[in-house]
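K.L.:
Chains as they are written, first to last, in the working numbering: chain E, 1 to 445; chain G, 1 to 445.
Hint data in this document are derived by calculation from the structure and do not stem from the laboratory.
Any given hint could turn out to be false.
Because identical chains cannot be distinguished in the list, a pair is counted as satisfied if it fits within a single copy or across any two copies.
[Said to hold, decoys possible] Below, a list of computed lysine-lysine pairs in the DSSO-like style, where the Cα atoms sit at most 30 Å apart:
#1 Lys300 x Lys285
#2 Lys192 x Lys139
#3 Lys175 x Lys285
#4 Lys192 x Lys414
#5 Lys139 x Lys175
#6 Lys287 x Lys175
#7 Lys414 x Lys50
#8 Lys300 x Lys287
#9 Lys185 x Lys139
There are 2 protein chains.
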Amino acid sequence: MSTPKQIKLGFVLFGAGPGYDDWRHPDAVVDASTNIEHYRRQARVAEAGKFDFLFVADSVFITERSSPHYLNRFEPLTILSALAGATSRIGLVGTLTSSYTEPYNVARQFASLDLISGGRAGWNVVTSWLSGTAANFGKAEHPQHETRYRLAAEHLHVVQGLWDSYEDDAFPRDKQRGVFLDPGKQHQLNHKGEFFSVRGPLNISRSPQGQPVIFQAGASEEGRNFAARHAEALFVEAGTLEATIAYAEDIRRRATAFGRAPDSYGLFPGLRTVVAPTEEEARRKYKEAQSLVRIEEALKQLGVPFDGYDFSQHPLDEAFPELPASAYASNRSVSERIAGFARDNKLTLRETALRSASPREEFVGSPVQVADAIQRWFESGAIAGFNYVESLPRQLDAFVELVIPILQERGLYKRDYTATTLRGHLDFAVPENRYTLARRTGAAA
Amino acid sequence: MSTPKQIKLGFVLFGAGPGYDDWRHPDAVVDASTNIEHYRRQARVAEAGKFDFLFVADSVFITERSSPHYLNRFEPLTILSALAGATSRIGLVGTLTSSYTEPYNVARQFASLDLISGGRAGWNVVTSWLSGTAANFGKAEHPQHETRYRLAAEHLHVVQGLWDSYEDDAFPRDKQRGVFLDPGKQHQLNHKGEFFSVRGPLNISRSPQGQPVIFQAGASEEGRNFAARHAEALFVEAGTLEATIAYAEDIRRRATAFGRAPDSYGLFPGLRTVVAPTEEEARRKYKEAQSLVRIEEALKQLGVPFDGYDFSQHPLDEAFPELPASAYASNRSVSERIAGFARDNKLTLRETALRSASPREEFVGSPVQVADAIQRWFESGAIAGFNYVESLPRQLDAFVELVIPILQERGLYKRDYTATTLRGHLDFAVPENRYTLARRTGAAA
Chain E
1 MSTPKQIKLG
11 FVLFGAGPGY
21 DDWRHPDAVV
31 DASTNIEHYR
41 RQARVAEAGK
51 FDFLFVADSV
61 FITERSSPHY
71 LNRFEPLTIL
81 SALAGATSRI
91 GLVGTLTSSY
101 TEPYNVARQF
111 ASLDLISGGR
121 AGWNVVTSWL
131 SGTAANFGKA
141 EHPQHETRYR
151 LAAEHLHVVQ
161 GLWDSYEDDA
171 FPRDKQRGVF
181 LDPGKQHQLN
191 HKGEFFSVRG
201 PLNISRSPQG
211 QPVIFQAGAS
221 EEGRNFAARH
231 AEALFVEAGT
241 LEATIAYAED
251 IRRRATAFGR
261 APDSYGLFPG
271 LRTVVAPTEE
281 EARRKYKEAQ
291 SLVRIEEALK
301 QLGVPFDGYD
311 FSQHPLDEAF
321 PELPASAYAS
331 NRSVSERIAG
341 FARDNKLTLR
351 ETALRSASPR
361 EEFVGSPVQV
371 ADAIQRWFES
381 GAIAGFNYVE
391 SLPRQLDAFV
401 ELVIPILQER
411 GLYKRDYTAT
421 TLRGHLDFAV
431 PENRYTLARR
441 TGAAA
Chain G
1 MSTPKQIKLG
11 FVLFGAGPGY
21 DDWRHPDAVV
31 DASTNIEHYR
41 RQARVAEAGK
51 FDFLFVADSV
61 FITERSSPHY
71 LNRFEPLTIL
81 SALAGATSRI
91 GLVGTLTSSY
101 TEPYNVARQF
111 ASLDLISGGR
121 AGWNVVTSWL
131 SGTAANFGKA
141 EHPQHETRYR
151 LAAEHLHVVQ
161 GLWDSYEDDA
171 FPRDKQRGVF
181 LDPGKQHQLN
191 HKGEFFSVRG
201 PLNISRSPQG
211 QPVIFQAGAS
221 EEGRNFAARH
231 AEALFVEAGT
241 LEATIAYAED
251 IRRRATAFGR
261 APDSYGLFPG
271 LRTVVAPTEE
281 EARRKYKEAQ
291 SLVRIEEALK
301 QLGVPFDGYD
311 FSQHPLDEAF
321 PELPASAYAS
331 NRSVSERIAG
341 FARDNKLTLR
351 ETALRSASPR
361 EEFVGSPVQV
371 ADAIQRWFES
381 GAIAGFNYVE
391 SLPRQLDAFV
401 ELVIPILQER
411 GLYKRDYTAT
421 TLRGHLDFAV
431 PENRYTLARR
441 TGAAA
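Bound-form chain E, shown alone:
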């Protein structure tokens, strides 16, 4: 992977926070995940901080045990479209499952967001790991892991095909000659595959960035192959810098085998900071937040990547328990990583749960300490930047105010936007329309 000269940053719109008890913080906006004003404010702060994109996670199955943020929240395409008008430069990346959607509808909604925003859209492709999801979509069974990735690859292939339905000069819109469309530059996809048959054309043209940017977070074997083959921005939750470097090398090996150039993709680990003007204050804030975490909520949160497994049936202060195979089946890579870490470090169930609910201590401290940690990660050469998640209310504001200027001072971060599209921010080339390319080169589209 090539290392860009400067750090790229995404910001995750995550309601009052990803932790099950984050909403209990005295300063937390309790209805943040359905509060448009809260998100508008965050979007503007992130844009003032020259972030490259906003990111909205998603899932389409909940129970009463789900995270407060997941119980009640905006749908990604609608909230991002709403925020398109509140911002002018920042990218808009939404998560949508390939397992329970129609490629024609997905292609269209992202293309529409892309045009509305002047070329700022990205699609984070997920396959939905929670097995209960099937019941919301009339399916007897949730597709198996391997099937979901095969389906995702075909789904994405169709969506990207539909995004090229019109060549960039398909619409002369010549009033005098009365020519609106050049029909030779409108293309049917005529896809017939294992899961989908889609004729096309899509009823919307390309944006200034050509196509929305593809995001993905592949951790399993199939997931890594999917990411290395198809994704442009890769989310990674490997935990430590060492694990992230190993993940990056693994992805580079796979991507090279798929014939991809190193400058065509980049890695984004998550980043949660607790930063304050002094280290002492940061540590105090961190401890305060920790004190709000209830073990029973942390256990629920721990259960999520284990397909909602109920950990409360096990003793808290004994070793991380043996689990049935079903608990590892749907999100094998993340669940096995957590269980492996707990066993390797002889953590109790309580310690494992509390650790999963907290930011890494490496990013807790003074502005210079946090900037140093970020620089250390970035200069490893493994990553393109970070996807920032607030671990405390207004940490985004503190980060923009205290840390960004240091990174700018060090030449590690842009002082202003130099592009207008997400693809431009991330230094990815605009993909030429496949039919234009075919005509130009004489090859088949």
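With the hints as your guide, set chain G onto chain E.
P.N.:
Below, chain G without anything else, positioned relative to chain E:
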């Protein structure tokens, strides 16, 4: 149907216009249907004119013969979400097909738009009449007319059920007690029907208007029954005032049989004006616009409700032709109305095509003449208001500037908004959550 005291108005976001040659007008914004600034401006003018809602039509199948507006345009949920932030009071009504979507996704996107906009969303339920649509969604055959309506009824039933997943007080969000959700007020739908099985709950709560408003345009036998049973705002394209009155009586008879109260729904015929400070100027503008219409484009436009039938194979100046049964199969009510009108009035094919491409002359004239015609229609008691479509560039502006003040002066139109939700604008009651109602009354939900 009860007649509200004042006229309600919707405005259709229709790019450069519904006519195939509308984009050729010298003042037309040629890329209007993918121009966010154009739509933002129109939305603001409509809101300045105290319109009750913006409306976005839709279809999910095009060919190179489709209307310029349909060839390339924003998707309804994304453009309406973007416009939510550019406006503060006006309703936001989007069209989405029930034939090629998942109820869980549809429920969620409209509920999200509804929360983002503070209770201003509406769903126009359509079943997609173009038989080619099936090919974009991997279906061997487009479902038959009757099947589509049965499916639509079940789809809507599921969506409305999901919209009640949370009772209005389901989220105590009590930081001190640590209670975010009251799990007794989160409900699974557990729907199992002919077409859909959906467990629920939906992952989003209700808006201030309870549920999005249901719009529909039923013209056929099944369509009228669907509209009379389920729709709150009914679009009608009966053509003349007399036919509109007859349609309204038919709907009232059916709605009463379904046990509905007359104040729970209202009719909205389309309205296209050509208004100018003087009658002479309006007539001149009308003629200018007429002169831009090319007969070959008008024939394509005529073909739309005939499932894309190619009328160019018939002589222009002979009687409206006999058509194969397939041309009438998918949108029987509209296609038969047009053919019947042509035969009854002994119109040639050319006359039929040009007539379909033009506004009604009744609404061409001076501000007082147009206001008189609107008043005449409204005082028939058959309608709640109109769904306004621009027939010329900036006709919305002219209408707001010249006609609205006359209607206000006559007490027929509000001087300002009195509500903040779409349901409030349309005088429809907020539907009580079904589970709250059941608990209150002791009945089953």
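K.L.:
Could you run down the list of hints and mark each one as holding or not?
P.N.:
Against the structure, the hints:
Proximity of Lys300 to Lys285 under the C-alpha cut-off of 30 Å is restricted to the intra-copy arrangement: shortest distance 24 Å within a copy versus 67 Å between copies. In this assembly of identical chains, Lys192 and Lys139 lie within 30 Å of each other by CA distance both inside one copy and across copies; the values are 22 Å within and 11 Å between. Only between protomers do Lys175 and Lys285 lie at most 30 Å apart by alpha-carbon distance; the minimum there is 18 Å, versus 63 Å within a single protomer. Proximity of Lys192 and Lys414 under a CA criterion of 30 Å is satisfied in neither setting, with 45 Å inside one chain copy and 54 Å between copies.
In this assembly of identical chains, the alpha carbons of Lys139 and Lys175 never lie at most 30 Å apart, being 50 Å within a copy and 38 Å across copies at closest. For the homomeric pair Lys287 and Lys175, the shortest alpha-carbon distance between copies (18 Å) is at most 30 Å, but the shortest distance inside one copy (67 Å) is not. Within a single copy, Lys414 and Lys50 get their C-alpha atoms as close as 7 Å, which meets the 30 Å cut-off; across copies the closest is 44 Å, which misses it. For the identical chains of this complex, Lys300 and Lys287 are intra-copy neighbours only, at 21 Å inside a copy versus 69 Å across copies, given an alpha-carbon limit of 30 Å.
Taking CA atoms no more than 30 Å apart as the test, Lys185 paired with Lys139 passes between copies only; the shortest distance there is 26 Å, against 39 Å inside one copy.
The structure fails hints 4 and 5 (numbered hints given earlier, in ascending order).
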